[in-house]
Amino acid sequence: MYPELGQLALILALLLSVLLAVVPLAGALTGRDSLQAFARPLASGMFVFTGLAFAILTHAFLVDDFSVAYVANNSNSMLPWYYKFSAVWGGHEGSLLLWILMLTGWTLAVAIFSRRLPSTMVSQVLAVMGMVCVGFFLFIIVTSNPFDRLLPNVPADGQDLNPLLQDIGLIMHPPMLYMGYVGFSVAFAFAIAALINGRLDAAWARWSRPWTTVAWSFLTIGIALGSWWAYYELGWGGWWFWDPVENASLLPWLSGTALMHSLAVTEKRGVFKSWTVLLAIVTFALSLLGTFLVRSGVLTSVHAFASDPERGSFLLMLLGITVVGSLLLYAFRAPVVHVRSRYGSLSREIFLLLNNVLLVSATLLVAIGTLYPLVLDYLDAGKLSIGEPFFNTTFSPLAVATGLLLGAGIFSRWKKTDGGMLARKLLWPLAISLVATAAVMVNYGSFAPWAFAGVFTAIWIAVATLWDLWDKSASRQGRLHGLKRQSRSYWGMVLGHLGVAMVMAGATVVSNYGVERDVRMTPGDSAMVGDYEIVFTDIGERQGANFTAQYGSFNVFLDGKLVTDLHPEKRNYPVGMSVMTEADIDAGLFRDVFVAVGERISDDAWAIRLQYKPLVRWLWLGSLVMAIGGFLAIADKRYRIRVKAEEKQKAQAGNTAPGKPAEASS
Amino acid sequence: MRFYPLLLAMLFVASPLRAEVMEVYDFDTRAEEQRYQNLIAELRCPKCQNQNIADSNAPISKDMRDEVYLMMQQGASNDEIVGALVDRFGEFVQYKPPVDKRTIFLWAFPAIAVIGGLLIVAGVVMRSRKQGQQETALSPEEKARVEQMLADKDQPSER
Amino acid sequence: MRRLLLFVPLLIAVGIGVFLFAGIGKDPTKLESARIGKPVPEFQLQDLHDPEHMLDTSVFQGQVSLLNVWAEWCPSCWDEHEYLMHLASNEGVRIVGLNYKDQRETAFSFLGRLGNPYETIIFDPRGSLGFDLGVYGAPETYVIDADGVVRYRHVGVVNERVWQEVLLPVFNQAKGNS
Chain A
1 MYPELGQLAL ILALLLSVLL AVVPLAGALT GRDSLQAFAR PLASGMFVFT GLAFAILTHA
61 FLVDDFSVAY VANNSNSMLP WYYKFSAVWG GHEGSLLLWI LMLTGWTLAV AIFSRRLPST
121 MVSQVLAVMG MVCVGFFLFI IVTSNPFDRL LPNVPADGQD LNPLLQDIGL IMHPPMLYMG
181 YVGFSVAFAF AIAALINGRL DAAWARWSRP WTTVAWSFLT IGIALGSWWA YYELGWGGWW
241 FWDPVENASL LPWLSGTALM HSLAVTEKRG VFKSWTVLLA IVTFALSLLG TFLVRSGVLT
301 SVHAFASDPE RGSFLLMLLG ITVVGSLLLY AFRAPVVHVR SRYGSLSREI FLLLNNVLLV
361 SATLLVAIGT LYPLVLDYLD AGKLSIGEPF FNTTFSPLAV ATGLLLGAGI FSRWKKTDGG
421 MLARKLLWPL AISLVATAAV MVNYGSFAPW AFAGVFTAIW IAVATLWDLW DKSASRQGRL
481 HGLKRQSRSY WGMVLGHLGV AMVMAGATVV SNYGVERDVR MTPGDSAMVG DYEIVFTDIG
541 ERQGANFTAQ YGSFNVFLDG KLVTDLHPEK RNYPVGMSVM TEADIDAGLF RDVFVAVGER
601 ISDDAWAIRL QYKPLVRWLW LGSLVMAIGG FLAIADKRYR IRVKAEEKQK AQAGNTAPGK
661 PAEASS
Chain B
1 MRFYPLLLAM LFVASPLRAE VMEVYDFDTR AEEQRYQNLI AELRCPKCQN QNIADSNAPI
61 SKDMRDEVYL MMQQGASNDE IVGALVDRFG EFVQYKPPVD KRTIFLWAFP AIAVIGGLLI
121 VAGVVMRSRK QGQQETALSP EEKARVEQML ADKDQPSER
Chain C
1 MRRLLLFVPL LIAVGIGVFL FAGIGKDPTK LESARIGKPV PEFQLQDLHD PEHMLDTSVF
61 QGQVSLLNVW AEWCPSCWDE HEYLMHLASN EGVRIVGLNY KDQRETAFSF LGRLGNPYET
121 IIFDPRGSLG FDLGVYGAPE TYVIDADGVV RYRHVGVVNE RVWQEVLLPV FNQAKGNS
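Chains as they are written, first to last, in our numbering: chain A, 1 to 666; chain B, 1 to 159; chain C, 1 to 178.
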């Protein structure tokens, strides 16, 4: 009975989304406040019904209702309850429901947190978000209904959740990713609203910024979680494969980073408006492209959901309407007249423009590399594979260039930077970075050009960032006061950039100085990996919740001293009939030691994978630091001061002569 | 419902998504061992869902790894090894796309993008400079107006 | 002019959309054989039925044949076998079998249960000929012309539709040329 209610809830939510797409927009275009007033209640209603549908599906999982096809395909009575919960988004239909839940959630958030925006703007933004919701509600109801039933042949038990998904990292990864993807729809909606009403100004940029930053932060966490999970769960110690689906998540991230920086310029200086609007549209379009790629089967990927041409076509149509519609609007309505503004060749504006050039080049590079096989196949020019070797060679120089630019750009000023001053400012950071990089090379024992470039760039960013922080926090009342005086927005930037430096350092060091070995070991054997000696002591059996395992014991020694014991295992999941390798990792801030058990080669000999991974944790810690920086930036006081200033202005407006409108702060 | 075929397919290949070390080869030097690891990371399993032969447990991946090791022992170069596998399975199994007239755009793209971008930025800077020059030069009428306004300033304000 | 430039993103998006649309429904894992136009690689393998008798590429000389890669452990091979029987007995198609990574006993039990449509069966327990041919998963069916040159490879089950739409045209073309 409940699943049918769930279906009904979705249909009701669809109806509300249609109303949301139409009514407030009509109100905004005709100036009727009564219609615009519907926006917030409609957004609330939409969210409530979607939440209800989600709750009903979750309930079906938790009570093992295998009459629901989706539950039967993704769950099992023996599954621990927390995995039954996460199984809700373990497959296509449920993850789509999660997507829509977040979409309606963000819509509601925009409705709630936009009281200080002009109501016409809010109405238009919510209407656009409503339109996006309509598309996704139609998609889920028509092609991907999670509430389809298997009656009358209800299976006795479910197919079990893919063991790969029975993991904390995988539980969190989709929600965080979707928060990011869906969050970019807000910047998109703001952009479309601005194109519709023609008010493309610094105010629009300021309103869009916090929403964009939050979405970006979530996406950063989502991608980092995916990478971290792949590292410890898949057993090969890899953290990024340039798989099409991984690339699909990187594309909006790169574009979103460019957007964040471009919005800063548009807000502060009122320039690059047309470009920023395009980025806002493109970033969300890339989010949608990602959704399409994962669910359509067009590209081969380990991450892809089951491919279905019907769903693929529907989704492509959705994507097409959204992108073509918004780009048409852009082509016709974006401003072509340039704002008259002077900025020198070394101004902050130009540094940020160069930053955008590099980030957009990177975005296009990843997009082209991902889609090229498709294009060649279409042209009957063969079936090519484009993978790590290509991307590593072409992406790294762009990353290094962006990083070098970052370091220099931190010291640039708006409008004009004196070249001599800049060069002088950079001398000390340059010297320090060179020395520090050399020290790192010595520490890891070898010099390689790309290792040098990557480490240097990371250190360069960090040194420049901290140097600027030092400069700015100089105060007569002491350093601590000076530091506290910096705005959260500034601290957000500092953390964001330090995070990037950490990620770059981690990526460079682990790629160049990591060691991976496959060795044959019997109990009693030892092998070296890096400076660590691994001794295989024992292997036995143990029983888990829904699996049995071969349980290995290893001692890890460094310079003769015992560092830790590791217990990797090979698990057998009888229901899904699959075998999983659970590596055991000694995690450290500066290195990981990684042991995984492979096949049994003979009676007592096993194939063992040993890995030494220096600085690998910095990849994800750095991402976390970046995301914290983002969240910090939106907690900045200025987003609150506006409210007070506006309230003051409104109070004053009430006292002045009638006919003088209270101006929205800008 | 359509999930079934994929799930069934997965059942027939034990844990295709997990990298299990299936065999261990002996190498004379660490450098050779590393060379082997690098080679198998660059070759693609023809039947998997986008995995290299290092991480794939498919039987064909194992055969390919065996061949890589065999050819290494016979003294073949990396190009020869990759070439032998491409001969049999097609260029699909190379993760590094060949450089030919189909892919020249692909490989050249970063350079094209950056140079293009730099040209745009140069254009932006020059346009800004031109605007600035136009702004600083005042026409005779404008000069007269400025002087008029400065003269007016000395008058008491009416407000 | 500037206005026209603003249409560029739209054009790019439409272009990408065209490629994406074309890709829907295609199976990205179906690979074209790298051996098309090349002769079957040299091999020396036993006849499944007669271990003393060694087979080599001469088995393909003189007439156009299908080379069907099969094994007892391959579930789809069980599915397509009936149609292969039909092709061999009713259509007079010459099918050479390549028993791939299998054992004699299981191969015989398979043939015993489902019948034998093959004129000859090459026994390839280690999969060496399969590897040289570029076989990456059973079942696969090749069209080999009278000179022993590979003309086409089909990955997957051979049924009526596949035969009529895909293999028969190539088969006839190979016949016409030789």
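The hints are simulated quantities; they were obtained by calculation from the structure and are not laboratory data. Just so it is clear, CB atoms sit at the ideal spot from N, CA and C, and this is done for glycine as well. Treat the hints loosely; a few may be bogus.
[Claimed, not checked] Taking lysine-lysine and the DSS-like style, the derived pairs with C-alpha atoms no more than 30 Å apart in a straight line are:
1. 383(A) x 47(B)
2. 47(B) x 30(C)
3. 383(A) x 30(C)
4. 472(A) x 637(A)
[What the hints assert, rightly or not] Ranges of calculated distance between the beta carbons of each label pair, as one might list FRET restraints:
5. 450(A) x 31(B): 14 to 22 Å
6. 162(C) x 77(B): 53 to 61 Å
7. 26(B) x 37(C): 23 to 31 Å
8. 445(A) x 119(B): 22 to 30 Å
9. 548(A) x 62(B): 21 to 29 Å
10. 12(C) x 41(A): 38 to 46 Å
11. 147(C) x 380(A): 21 to 29 Å
12. 62(B) x 160(C): 19 to 27 Å
Each hint tested on the structure:
With a CA separation close to 13 Å, the supplied pair residue 383(A) and residue 47(B) stays within the 30 Å bound. With a C-alpha separation of about 8 Å, the suggested pairing of residue 47(B) with residue 30(C) holds against the 30 Å cut-off. As the CA atoms of residue 383(A) and residue 30(C) are separated by approximately 9 Å, the hinted pair is consistent with the 30 Å bound. Restraint check for residue 472(A) and residue 637(A): the C-alpha separation of about 18 Å stays at or below 30 Å, so the hint holds.
Checked against the given bound of 14 to 22 Å, the beta carbons of residue 450(A) and residue 31(B), roughly 18 Å apart, stay inside it. Between residue 162(C) and residue 77(B) the beta carbon distance is about 40 Å. The supplied range of 53 to 61 Å is therefore violated. At roughly 39 Å, the beta carbons of residue 26(B) and residue 37(C) sit outside the given window of 23 to 31 Å. Separated by about 42 Å at the C-beta atoms, residue 445(A) and residue 119(B) break the suggested range of 22 to 30 Å.
Range check, residue 548(A) to residue 62(B): about 25 Å between beta-carbon atoms, so the 21 to 29 Å window is met. The hint said 38 to 46 Å for the Cβ distance between residue 12(C) and residue 41(A), and at roughly 39 Å that hint holds. Separation of residue 147(C) from residue 380(A) is about 26 Å and conforms to the stated range, judged on CB atoms against 21 to 29 Å. For the pair residue 62(B) and residue 160(C), the supplied restraint of 19 to 27 Å is violated, since their beta-carbon distance comes to about 35 Å.
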